[in-house]
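Asker: Protein chains in written order, with this note's numbering: chain D, 258 to 454; chain V, 258 to 454.
Warning: the hint list may mix true and false statements.
Same chains, same label: a pair holds when it works inside one copy or across any pair of copies.
[Unchecked claim] Below 25 Å or equal to it, Euclidean Cα-Cα: the simulated DMTMM-like pairs (lysine to aspartate or glutamate) are: (1) 418 x 441; (2) 305 x 372; (3) 418 x 399; (4) 311 x 291; (5) 410 x 321; (6) 305 x 376; (7) 348 x 372; (8) 310 x 372; (9) 310 x 342; (10) 404 x 290; (11) 311 x 372; (12) 305 x 342; (13) 404 x 423; (14) 422 x 407; (15) 357 x 332; (16) 311 x 416.
Don't read these hints as lab results, they were simulated from the structure.
2 protein chains.
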Amino acid sequence: MAFRYPNGKLYEKKVTTSKKTDDGNANRGMTLEDDLNASIHHYLQIGKAVIHKKPTPVQIVSVDYPKRTRAKITEAYFRQASTTDYNGIYKGYHLDFEAKETHQKQSFPLKNIHDHQMEHLNAVTAHGGLAFLILRFAHSKETYVLKAEDFMKLKTETDRKSIKKDDIATLGIFVNPSILPTIDFLPAVEQLFRLNV
Amino acid sequence: MAFRYPNGKLYEKKVTTSKKTDDGNANRGMTLEDDLNASIHHYLQIGKAVIHKKPTPVQIVSVDYPKRTRAKITEAYFRQASTTDYNGIYKGYHLDFEAKETHQKQSFPLKNIHDHQMEHLNAVTAHGGLAFLILRFAHSKETYVLKAEDFMKLKTETDRKSIKKDDIATLGIFVNPSILPTIDFLPAVEQLFRLNV
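One chain only, chain D, in its complex shape (with noise of 0.2 Å):
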């Protein structure tokens, strides 16, 4: 079941396709975000990494109480994010990223980020933790870890309305292809990070 926000993004019914997950085989040709759910509850289940997606905002205007059965939301909106959709911890470090896929081929377009993420994940730099970015191209299904630091210096340099994916390939770091976790990007963030160095 799917569903559009209104800005034309398709919503996915992530709670319980999430919850549902089976990390690996089953994974193949998800999106994005299944994908990265079903590898954080692995980094979870492993002791790796605590990382959660945060719940999808809504803005709840009315609510029904039928007797006897839970509290029924009746009228509700959806609210844009005032952060990214992840965080959490690993070795100690602050996590923030934030993932999106595109199904262009060669760029990667800027509006997939918005100005306001961008002003989170800055001031988690500033703060000390590692903030990043998780880009998929579809298409080739090549996956990208990219400092935040760095797609604002790619979107400062340049005067198109996307970034290319040879400057996020020279910048960022490939996420090797993997199948448990599907999307391995840990051994990425510390290679980008150098925090093994």
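Based on these hints, arrange chain V on the given structure of chain D.
Answerer: Structure of chain V alone, referenced to chain D:
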């Protein structure tokens, strides 16, 4: 506007209140959550810490798309949160905490903190984060910051369904009353985890 969760807990219309909240005197007599939201907003504005409350998790069942207006959620239900309500970053440290208020005068009911929230806080501690509770006694307006591991210790040691305020005061740190922000808990967190030693 306020309504109740299935568990009977009051649900305040957080979105609008927290957005409209003006730090300072206007907060007198507000709930712990309102006070905390105003406090973390203040910390964010002065660049002291980046802490956010997670959105209330909602399971969306059905959505309407009226012409030319934004999507309207017409059926949804409250879900139990899998983590705590608050997390963020302060001086490079990952913070994760739950905040609860009691109307009891000398003790804090254990049921106010769910087992899965304690599991989450324990995992955060294991990964090097600062995991704690902000506990407020509504009558005396006393607020304490207590390490998650000390809450676990007190919980394990007691046969009762609550832990004593005296024990919380001994192991935790009293949050000094303040006007801006209303709940100035970060100095107490520094002291609790000896960040300056």
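Asker: Checking an output row: residue 422 and residue 407, CA cutoff 25 Å. Within, between, both or neither?
Answerer: within (13 Å within a copy, 49 Å between copies)
Asker: If the cutoff is 25 Å on CA atoms, where do residue 305 and residue 376 land: within, between, both or neither? Let me know, please.
Answerer: Result: close only across copies, 15 Å inter versus 28 Å intra.
Asker: I want to check one pair: residue 418 and residue 399. Are their C-alpha atoms no more than 25 Å apart within a copy, between two copies, both, or neither?
Answerer: within (21 Å within a copy, 52 Å between copies)
Asker: Up to 25 Å between alpha-carbons, please classify residue 305 paired with residue 342: within, between, both or neither.
Answerer: Cα proximity of residue 305 and residue 342: in one copy and across copies (19 Å, 22 Å).
Asker: For residue 311 vs residue 416, is the C-alpha pair at or below 25 Å within one copy, between two copies, both, or neither?
Answerer: neither (33 Å within a copy, 35 Å between copies)
Asker: One pair to classify: residue 404 and residue 423, alpha carbons no more than 25 Å apart. Within, between, both, or neither?
Answerer: Within one copy only: 15 Å inside, 46 Å across.
Asker: Between residue 311 and residue 372, at a C-alpha cutoff of 25 Å, which is it: within one copy, between copies, both, or neither?
Answerer: Both ways: residue 311 and residue 372 sit 18 Å apart in one copy and 20 Å across, limit 25 Å.
Asker: 25 Å Cα cut-off: does residue 310 pair with residue 342 within a copy, between copies, both or neither?
Answerer: For residue 310 and residue 342, both the intra-copy (5 Å) and inter-copy (13 Å) Cα distances are at most 25 Å.
Asker: How do residue 310 and residue 372 come out at 25 Å by Cα distance, when the copy is not named: within, between, both, or neither?
Answerer: Answer is both: 20 Å inside a copy and 20 Å across each meet the 25 Å cutoff.
Asker: Given a CA cutoff of 25 Å, do residue 311 and residue 291 count as a within-copy pair, a between-copy pair, both, or neither?
Answerer: So residue 311 and residue 291 pass the 25 Å test inside a copy (14 Å) and across (20 Å) alike.
Asker: One pair to classify: residue 305 and residue 372, alpha carbons no more than 25 Å apart. Within, between, both, or neither?
Answerer: between (31 Å within a copy, 21 Å between copies)
Asker: Go through the copies and call it for residue 418 and residue 441: within, between, both or neither, with a Cα cutoff of 25 Å.
Answerer: Classified as neither; 29 Å inside a copy, 42 Å across copies.
Taken one by one, the earlier hints fail for this structure at numbers 1, 5, 15, 16, listed in ascending order.
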